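> Protein chains in written order, with the working numbering: chain A, 1 to 346; chain B, 1001 to 1370; chain C, 2001 to 2225.
Don't read these hints as lab results, they were simulated from the structure. Just so it is clear, the structure is predicted and the values come from calculations on it, not from any experiment. Treat the hints loosely; a few may be bogus.
[Stated by the list, open to error] Stretch by stretch, here's where chain C covers chain B in the computed footprint (C-beta under 8 Å, at least three residues):
id, region
1, 1039-1050
2, 1100-1107
3, 1194-1203
4, 1275-1287
Backbone N, C-alpha and C define an ideal beta-carbon position, used for all residues, glycine too.
One letter stands for each residue in the lines below.
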Amino acid sequence: MNDLIITLIKVVFIWVWVLLIAVVMTWVERRGAAMIQDRPGPNRAGPFGLLQPLADGIKLFTKEDIIPAKAKKLLFILGPILFSLPAFSAYAVVPFGDKIVLGGKEIILQVADVNVGFLYIVALGSMAVYGIVVGGWASNNKYSILGGLRATAQLISYEVPWGLALLAIVLVYGTFSLREISLAQQGTFLGILPNWGVFKQPLGFILFIVAAYAEANRVPFDLPEAESEIVSGYHTEYGSMRLGLYLFGEYVNLCTLSALMVTFFFGAWHLPYIDMASFLGPISYGIASFLVFFLKVSFFLWLFVWVRWTVPRFRYDQVMGLGWKALIPLGLLNLFLTALAIQLTI
Amino acid sequence: MSNHDDYVKINIGPSHPAMHGTLRVVAYTDGETIVEADPEIGYLHRGVEKLGEHLSYHQFIPITDRLNYCSAICNNVSYEMAVEKLMGVSVPEKAQLVRIIMMELARIADHQVCIGILGVDLGAFTPFFYLIIQREEIYEIFEHYNGARLTNTFGRIGGVEADLPADFEQRWKKLKEGIARANDETDKLLTHNRIWMDRTIGVTAFSPEDALAWGFTGPCLRACGVKRDLRKDEPYYMYSSFDFEVPVGKYGDVFDRYMVRMREMEESVKIIDQALKLYKEMPSDAPLMAKVPKIIKPPAGEVYSAIESPNGELGFFIKSDGSDKPYRIKIRPPCYMIYQAFPEMVKGEMIADLIACLSSLNIIAGELDR
Amino acid sequence: MAKPVVEKRYKLSEQVYLWELIKGMGLTWKHFIFNVKASFRPEPHTIPTCWQYPEDRRPIAPNFRGAHMLMLDEEGREKCVGCGMCAKICPANCITVENAKVPEGEEGKYAGKTYSKTFTIDWLRCIFCGFCEENCPKGALMLGPEYELARYIPEECMADKSMLLANFHKAKQEGKLRPPREPVPVVGAAAKSGEEKPAASADEKGEKPAAKPKAAVKAKPKAAK
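This is chain A alone, in the form it adopts within the complex (with noise of 0.2 Å):
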């Protein structure tokens, strides 16, 4: 029972806390645009325009539901619940800190330590196309369409090298657990690099990251919305809080995302060089360890932004062919050279 009490507790915090990320995304995405651009970006609503997500939010609440004539009408409410579900659900299992000790009780900083954590992930990664495609399908609209193609076939690309860049970590840890990847990325190796997957995989990388901006539908791979190009994409149609889902619903998977990058790449909660265990307390290194996770999370949702505002978009055919022709054939040599050098070490 009271573990029931307890895992609720960390389902309710860790909703609150993507939800507040995905709000506070928002602005950050338009103030640092702006700043970005040499101009100053919402500034009127509270201070530093803080209050703007807010604002947004209640614009989007009170506009009028329209669901066009001629739109396959149970789809078209199905496309953003579909599209920002499994986004959410992505969430139970990634570790958000390591562990914090209250009342004589270890709780481990994570919803759901599932042992196959990986395959999960990488499942409800694939969810979430359907949610533009229906949404896309349903509309009835070209543009809509096409933007749902558009973000089938690049999600679908791009799930593979994504994949593969995770199986390559997989095999230098040896496990499916997001936990366990996290515990072992402690201390160093090579005697002067952190024992980070960056430094073990630096490949896997690039292509995790490059995949994972694919998978979010960020620019340079925009397609499915590109603004020019099919005015919206899947969500032309979209308006009142049905576009706020789906707007929504973006940031939650960047900060999934981000949390990955993290977990997989970036040594989860830890610091480099420094045991934070062994000065801090143990309620107050389960706040710290929280606190480096999620600064670690904030610098990749900076350069989500970041990257946004500074290259131009793809085409369709080049998403694909640096998909198919690049990225996944450097996966497969990746993963490769990774399985050759775990067999000649071990």
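Model the placement of chains B and C on the given structure of chain A, informed by the hints.
Just chains B and C, lined up with the frame of chain A:
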């Protein structure tokens, strides 16, 4: 094409994020590949040519602002030149210099918008802002010149209405740095970026023979490798005395058009520098207006005169019957000729390329539909 | 009609995507840092591009072509004589002037012998080209600094005499009145007769002595060179 039913018909425009002004392209696509594109024009038709028949020669100048609204000054000057040619009036040298300086500033502004929008249409938002900030400075100069920013109503028949503002040189010095910096930043963000190169190199390439046959002029023609610039080939005003180059491309693809525009801005800066030097040598009370009667009544006859506007050859044909209103005004906008070749250019390319091509051609609906 | 075949030759640094991308990100980072620093400064308008509009306004050029003003001379008399030259030149046909003789007993209000009984500018039609100002023989009509012309009711855009005079008073109060445009020198001689258009405004130059000596002073040293 045999059967349209086999393909998906996509209406791009007239209200679409990438359709500048109100253009409409009906594209038949096979997947994402365009089988046929059918541009439809006329959404911004305001009957400018017919309006000209009911307005006096002077009153038509503000109407020309509304052709290519990105570089209104070039339109004004082109029209004024045609009327002056009809009347046999030669513009005083100082007025010529003022016109040249203003036209080149307008050219820079036009190219900046074109490149910025090309970036936006290809997904790179940031260079647009870096460029548009400098355009703002140019507009500031325009505003200090005669009080308007976009629709300048620059010049009068026979000369210009005002001298350059006193702080022009100071502003120009600042602006020159700004333009160089913005161009440099755009260059850094785009030119060597692989994504940008993939999106532009080889996209909607056009051979020089085709370009000439379709009546291309301006940067689009020069991008194909034809070195034709009215400022060099048929010099008007004092352009023959300036030292500047005509940048040319090779393949006529989007990348070449982009590069030609980028380099033309640098050449324009050079021209303004030289023109400003000549301008400063002039006495401050040198005439800015030729002696023209208050009511302009050119002798009966016809005239065609063209200038190199930022988009290409912008010509005005005026037929006069000796009264104070033109009998007929015909405008030769560069966009119109270029846009004709648009279906030919985008055939077999993808939807994303159609957008890139349209932006790089710099089709301005106001000029196209008149 | 064959499209030319374009060979793509990329340098290695261009080929690998990442190198140029990182360079570009360095550039955007510089802008980001600069603007973040700027936005923390307390004074307004620290990011030089954007004006926080209603509070923080862009200074407009002195000769900005905004809302029209009907000018009064130094003695507070209306300069307009109601000749209708502005209505005649207007390309958009938006000016209506009704001319009348100055009624007896009101000579102090008007500078001329005639005056404009009504003077209406249709701002919905006006294109703000400034021709009316240029064509006015008395310098009585000017385009002022006011640019917020949006109204909810179309009738409010019909600027009548009281509005135009109010514009003048407002501009005068704010010190935004400018001297009339100087006529440009014409080929041939200095402007003397009234038959040429730019010279038509020569007499208004006489009225505002501030403009003339300044121009003359400026002219002399340069001519001497």
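> It remains to establish, for every hint, whether it holds in the given structure.
Now for the hints, and whether the structure bears them out:
1. 1039-1050: violated (count 0)
2. 1100-1107: The restraint on the region 1100-1107 of chain B is violated, since only 0 of its residues have a Cβ under 8 Å from chain C and three are required.
3. 1194-1203: holds (count 5)
4. 1275-1287: Since three or more residues must qualify, the claim that chain C covers the region 1275-1287 of chain B holds, with 5 doing so at under 8 Å.
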